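Colleague: With chain A's structure known, arrange chain B on it following the hints.
Just so you know, the sequences run in chain order A and B.
Counting from 1, one number per residue, gives the positions in the first sequence under my numbering.
Counting from 1, one number per residue, gives the positions in the second sequence under my numbering.
Think of the hints as simulated: they come from the structure by calculation, not from any bench.
One should not assume that every hint holds.
Said to hold, decoys possible - Result set (BS3-like, lysine-lysine): computed pairs, CA atoms no more than 27 Å apart in a straight line:
#1 Lys38(A) / Lys103(A)
#2 Lys38(A) / Lys11(B)
#3 Lys71(B) / Lys14(B)
#4 Lys68(A) / Lys54(A)
#5 Lys57(B) / Lys38(A)
#6 Lys71(B) / Lys103(A)
#7 Lys5(A) / Lys38(A)
#8 Lys38(A) / Lys54(A)
#9 Lys38(A) / Lys71(A)
#10 Lys103(A) / Lys54(A)
#11 Lys54(A) / Lys5(A)
#12 Lys71(A) / Lys56(A)
#13 Lys57(B) / Lys5(A)
#14 Lys71(A) / Lys103(A)
#15 Lys57(B) / Lys103(A)
Said to hold, decoys possible - Not close to chain B: a few residues of chain A, all C-beta gaps over 12 Å, as computed:
#16 Ile20
#17 Phe65
#18 Pro79
Because the structure is a prediction, the values reported are computed rather than measured.
Beta carbons: idealized from backbone N, C-alpha and C, even for Gly.
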Amino acid sequence: DQQVKQNSPSLSVQEGRISILNCDYTNSMFDYFLWYKKYPAEGPTFLISISSIKDKNEDGRFTVFLNKSAKHLSLHIVPSQPGDSAVYFCAASAFISNFGNEKLTFGTGTRLTIIP
Amino acid sequence: DTGVSQDPRHKITKRGQNVTFRCDPISEHNRLYWYRQTLGQGPEFLTYFQNEAQLEKSRLLSDRFSAERPKGSFSTLEIQRTEQGDSAMYLCASSLDSFMYGYTFGSGTRLTVV
Numbered sequence: 001d002q003q004v005k006q007n008s009p010s011l012s013v014q015e016g017r018i019s020i021l022n023c024d025y026t027n028s029m030f031d032y033f034l035w036y037k038k039y040p041a042e043g044p045t046f047l048i049s050i051s052s053i054k055d056k057n058e059d060g061r062f063t064v065f066l067n068k069s070a071k072h073l074s075l076h077i078v079p080s081q082p083g084d085s086a087v088y089f090c091a092a093s094a095f096i097s098n099f100g101n102e103k104l105t106f107g108t109g110t111r112l113t114i115i116p
Numbered sequence: 001d002t003g004v005s006q007d008p009r010h011k012i013t014k015r016g017q018n019v020t021f022r023c024d025p026i027s028e029h030n031r032l033y034w035y036r037q038t039l040g041q042g043p044e045f046l047t048y049f050q051n052e053a054q055l056e057k058s059r060l061l062s063d064r065f066s067a068e069r070p071k072g073s074f075s076t077l078e079i080q081r082t083e084q085g086d087s088a089m090y091l092c093a094s095s096l097d098s099f100m101y102g103y104t105f106g107s108g109t110r111l112t113v114v
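With the rest of the complex left out, here is chain A (with noise of 0.2 Å):
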């Protein structure tokens, strides 16, 4: 049962332009969302994360997107830089409304590639 989900495996923007990933839940508990970054032998990195009171998330060129009643996020990356190829990875969380639980659950990821 994937409760989070990350449709598209993969995505190609031209360096410069907007990256938009996807990803959808399943589970109405989840009030916290978080949006990792990969690069090949390391492990994921964070990047940005949202609270299930909040629509958006901003930090400098990445902006994360909250649709509570569609249960989607996106993350954009604008300008994407040919840095940011890597696999991206949406992970939520029952936090607020199961007492503090830590246990993130990850969605099968998108892989960015920045066309220089």
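Modeller: Just chain B now, with coordinates in the frame of chain A:
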């Protein structure tokens, strides 16, 4: 501080053997997590410690798996009687107080069971 360290980076073992992995978290981090990642999948939660207490354990973790964090510092993950299905990347992560600002992951231990 060099981040989260995991040892070994790679382990090849024969089916039925026991293996043990070590994780050294960032020194001031009181929370430590173990995840497993197989090819084409995202990391799957295995277990979580706050200091030396193991607070949660996934149903994925069979009786062959055990994790410890003595004295709330480094942690070990042991797999007994390994099976080919145990082949995966085992990731350790740590955080201070809460994951809400993101875990810091190690580079993982890749286990291959032959």
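Colleague: If a hint holds in the structure, say so; if it does not, say that too.
Modeller: Verification of the supplied hints:
For the given pair, lysine 38(A) sits about 19 Å from lysine 103(A) by alpha-carbon distance, which is consistent with the 27 Å threshold. For the suggested pair lysine 38(A) and lysine 11(B), the alpha carbons sit about 21 Å apart, so the restraint of at most 27 Å is met. Between lysine 71(B) and lysine 14(B) the CA atoms are separated by roughly 31 Å; this puts the pair beyond 27 Å, and the hint is violated. Taking the CA atoms of lysine 68(A) and lysine 54(A), the gap is near 9 Å; set against the 27 Å cutoff, the hint holds.
The hinted pair formed by lysine 57(B) and lysine 38(A) meets the criterion: a straight-line CA distance of about 25 Å does not exceed 27 Å. Pair hint lysine 71(B) plus lysine 103(A) holds up; C-alpha atoms about 22 Å apart against a cutoff of 27 Å. Annotation: proposed proximity of lysine 5(A) to lysine 38(A) holds, straight-line Cα distance about 17 Å (limit 27 Å). Restraint check for lysine 38(A) and lysine 54(A): the C-alpha separation of about 25 Å stays at or below 27 Å, so the hint holds.
Restraint check for lysine 38(A) and lysine 71(A): satisfied, since their Cα atoms lie roughly 24 Å apart, inside the 27 Å limit. A C-alpha spacing of about 21 Å is found between lysine 103(A) and lysine 54(A), which places the hinted pair at or below 27 Å, so the restraint holds. Among the hinted pairs, lysine 54(A) with lysine 5(A) is consistent with the structure: their alpha-carbon atoms are about 21 Å apart, no more than 27 Å. For a cut-off of 27 Å, the pair hint linking lysine 71(A) to lysine 56(A) stands: about 14 Å separates their Cα positions.
With a CA separation close to 23 Å, the supplied pair lysine 57(B) and lysine 5(A) stays within the 27 Å bound. Between lysine 71(A) and lysine 103(A) the CA atoms are separated by roughly 19 Å; this keeps the pair inside 27 Å, and the hint holds. Taking the CA atoms of lysine 57(B) and lysine 103(A), the gap is near 9 Å; set against the 27 Å cutoff, the hint holds. Under the 12 Å C-beta cut-off, the non-interface status given to isoleucine 20(A) relative to chain B holds; the minimum distance is some 19 Å.
For phenylalanine 65(A), the non-interface assignment is confirmed: its Cβ lies about 18 Å from the closest Cβ of chain B, beyond the 12 Å cut-off. Look at proline 79(A): its CB is around 23 Å from the nearest CB on chain B, clear of 12 Å, so calling it non-interface holds up.
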